[in-house]
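Asks: All chains should be modelled from the sequences, with the hints used to inform the complete structure.
Each chain, written out:
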Amino acid sequence: MYESLLELWKFRPLILEFVRRDIKLRYKNSIGGIAWSLLPPLMQIAAITVMLKFITANPVQNYSAQLFVLFLWNYFQVSLNDACGSLLNNAPLLRKIYFPRLLIPLSTLLHHFFHFLIGFVFTIVYFFVLGAYPHNLRLLFLLIIPTVFFTFILCLGLSLMVSYLNVFYEDIKIIVGSLLGLFLYLIPVIYPVEQVLARGKFVYTIYMLNPMSAFMVTYQRALLPPPQVLDKLDHPLPSVTVPWDFFGIACVSSLLIFFLGFYLFNKYQWEVVERL
Amino acid sequence: MSEFPIEVQNLTKVFKVLHRERSLKSAVLKWARFRFPRREEFTALRDISFQIPKGQTVGVIGRNGSGKSTLLTLLAGIYRPTSGTVQVCGRIASLLELGAGFHPEFTGLENIYLNGAILGLERAEITRQLDAIIQFADIAEFIDTKLKFYSSGMVARLGFAVAVHVNPEVLLVDEVLAVGDANFHEKCYSKIDEFKRQGVTIFFVSHDLDAVRRVCDRVIWIDHHVVREDGKPQDVIDHYEKFEVGSQNNRARQQAEMTID
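First to last, the protein sequences are chains A and B. If you're matching positions, the first sequence starts at 336 in the numbering used here and goes up one per residue. If you're matching positions, the second sequence starts at 1170 in the numbering used here and goes up one per residue.
Treat the hints with caution; some may be incorrect.
Cross-link-like lysine to aspartate or glutamate pairs, in silico, EDC-like; alpha carbons within 16 Å at most [as the list claims (entries may be wrong)]:
| hint | chain 1 | residue 1 | chain 2 | residue 2 |
| --- | --- | --- | --- | --- |
| 1 | A | Lys359 | B | Glu1279 |
| 2 | B | Lys1194 | A | Glu505 |
| 3 | A | Lys363 | B | Glu1274 |
| 4 | A | Lys363 | B | Glu1279 |
| 5 | B | Lys1185 | B | Glu1209 |
| 6 | B | Lys1223 | B | Glu1363 |
| 7 | B | Lys1185 | B | Glu1210 |
| 8 | A | Lys602 | A | Glu338 |
| 9 | B | Lys1223 | B | Asp1386 |
| 10 | B | Lys1365 | B | Asp1386 |
| 11 | B | Lys1194 | A | Asp506 |
| 12 | B | Lys1360 | B | Asp1307 |
| 13 | B | Lys1411 | B | Asp1392 |
| 14 | B | Lys1185 | A | Glu609 |
| 15 | B | Lys1317 | B | Glu1274 |
| 16 | B | Lys1317 | B | Glu1279 |
| 17 | B | Lys1356 | B | Asp1307 |
| 18 | A | Lys363 | B | Asp1313 |
| 19 | A | Lys431 | B | Glu1344 |
| 20 | A | Lys345 | B | Glu1291 |
| 21 | A | Lys431 | B | Glu1266 |
| 22 | B | Lys1315 | B | Glu1274 |
| 23 | A | Lys359 | B | Glu1274 |
| 24 | B | Lys1185 | A | Glu606 |
| 25 | A | Lys431 | A | Glu606 |
If you want the footprint, here are the derived chain A segments under chain B, 3+ residues with CB under 8 Å [claimed, not checked]:
| hint | segment |
| --- | --- |
| 26 | 354-363 |
| 27 | 422-436 |
| 28 | 601-609 |
One side of the interface only, derived from the structure: several residues of chain B facing chain A at Cβ under 8 Å [said to hold, decoys possible]:
| hint | residue |
| --- | --- |
| 29 | Phe1184 |
| 30 | Ala1245 |
| 31 | Gly1246 |
| 32 | Ile1247 |
| 33 | Arg1249 |
| 34 | Leu1265 |
| 35 | Glu1266 |
| 36 | Gly1270 |
| 37 | Glu1274 |
| 38 | Leu1283 |
| 39 | Ile1287 |
| 40 | Glu1291 |
Please keep in mind that the hints were generated in silico from the structure rather than gathered at the bench. Source: prediction; values computed, not measured. No residue lacks a Cβ here, since even glycine has one placed at the ideal position from N, Cα and C.
Replies: The structure is reproduced here in structure tokens:
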């Protein structure tokens, strides 16, 4: 493990070059350029806001600001989806030149991470414009750094697993793509996490054991204080603050998933190239 | 650094060949029936051994499908040997394909950086060599044009130009010099001569026997996945040519007999 990491470090100029390539390529022939990467998540936020306003009996005040966690989810979803097919997409290169194959999914993730950073900066600026900042800007804000880091680790671990599997069975990409679409409903985005807690401690525990739920809630709470959520009878629901315990569990499970993915990827990487 | 930059010992490479397209469905079905997909094995190289001293230029000849390219891929570290060992020391430039990773949407300049990084050059190094690369490729006026508008000869020239500026200690070449016009050809061979003078170890796979005769100090003939002969270029190439002509005559005779029957 140590050796592969060392090798990766040696190849960092190539990682940067791949990331640079992907960033340049994505909006190469468009005038809007990199600003376009903000559009899909913003459209999603707008759509969900409108939907909640009209459908929910008791909409949460100012919920659209809470929806900016979507940037993190979007990052996770798009990265995993792209990383899944990344080895196959780069097959001609992998067959001809040696470099650690891990570079391919890793640079895919880093490329999307760059877009996430744009979204993140946009979020901060928007909150200032909105007036939510600076008075909601707390020390807790720093929690964003580990949250985003461990989301990256989790995503990398999963990417390593699905990307090599996808070389053997191309069905994986289709399955992952559809599951990710479904997963949006398993994380607190279109509903506040308080409504999950209201269903009972047991449901809440199971729900939060999903590392992505824990990361999303932590990220949301680090950005803004918890929203005031009312039930059908206008009674306020107990609010969820930063779930330290579940966040810790999520970090540990992310690391485990990463090690597993790393192990499997290294084990099969030679066979993968012969199969490309 | 060892005396032999390239050392191959008892190298055998076996590929697993799957006859059916694998899919998840079939895998699950097979698994459910406790049966695994039938695998056939194909030996691409059998028990190959050789050592190449520093600065030697070695040509590899043999028929299509005899295992030449597989050998090169193994030397480049892309495949892992099934058994035996492959050791290559020093900075390798593998010209298994010219312009690996070139992207049609990028300009010539951007592609130089991309391809250079893939071949193991750092950005600063490329910047330092940029003029030399552009001059070698002879595409100065198109350097800011997207690669998709290049002619195939220009793409090959650019690819070769980047590759030779890696300053390798070991150069692996696979049948890539057959591109470009006579002028560029000449340039390539003079570059190879220059490498030879600098003491670069060159491993050269080609069907162009004249080229092999011209640049190589030693020739390895691979036939049916094993080393058939390893020695002086003149001898090996003569035997190879005789053998090829002989087997062609044989085949012709067999065909003639078959028609008579």
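Asks: Against this structure, judge whether each hint is valid.
Replies: Evaluated hints:
no., hint, verdict
1, Lys359(A) - Glu1279(B), "10 Å, holds"
2, Lys1194(B) - Glu505(A), "11 Å, holds"
3, Lys363(A) - Glu1274(B), "8 Å, holds"
4, Lys363(A) - Glu1279(B), "13 Å, holds"
5, Lys1185(B) - Glu1209(B), "6 Å, holds"
6, Lys1223(B) - Glu1363(B), "15 Å, holds"
7, Lys1185(B) - Glu1210(B), "5 Å, holds"
8, Lys602(A) - Glu338(A), "14 Å, holds"
9, Lys1223(B) - Asp1386(B), "12 Å, holds"
10, Lys1365(B) - Asp1386(B), "10 Å, holds"
11, Lys1194(B) - Asp506(A), "9 Å, holds"
12, Lys1360(B) - Asp1307(B), "15 Å, holds"
13, Lys1411(B) - Asp1392(B), "14 Å, holds"
14, Lys1185(B) - Glu609(A), "9 Å, holds"
15, Lys1317(B) - Glu1274(B), "6 Å, holds"
16, Lys1317(B) - Glu1279(B), "13 Å, holds"
17, Lys1356(B) - Asp1307(B), "11 Å, holds"
18, Lys363(A) - Asp1313(B), "14 Å, holds"
19, Lys431(A) - Glu1344(B), "13 Å, holds"
20, Lys345(A) - Glu1291(B), "11 Å, holds"
21, Lys431(A) - Glu1266(B), "7 Å, holds"
22, Lys1315(B) - Glu1274(B), "6 Å, holds"
23, Lys359(A) - Glu1274(B), "10 Å, holds"
24, Lys1185(B) - Glu606(A), "10 Å, holds"
25, Lys431(A) - Glu606(A), "15 Å, holds"
26, 354-363, "holds (count 4)"
27, 422-436, "holds (count 8)"
28, 601-609, "holds (count 3)"
29, Phe1184, "6 Å, holds"
30, Ala1245, "6 Å, holds"
31, Gly1246, "4 Å, holds"
32, Ile1247, "5 Å, holds"
33, Arg1249, "5 Å, holds"
34, Leu1265, "5 Å, holds"
35, Glu1266, "4 Å, holds"
36, Gly1270, "5 Å, holds"
37, Glu1274, "5 Å, holds"
38, Leu1283, "6 Å, holds"
39, Ile1287, "6 Å, holds"
40, Glu1291, "5 Å, holds"
Checked against the numbered hints above, the structure breaks none of them.
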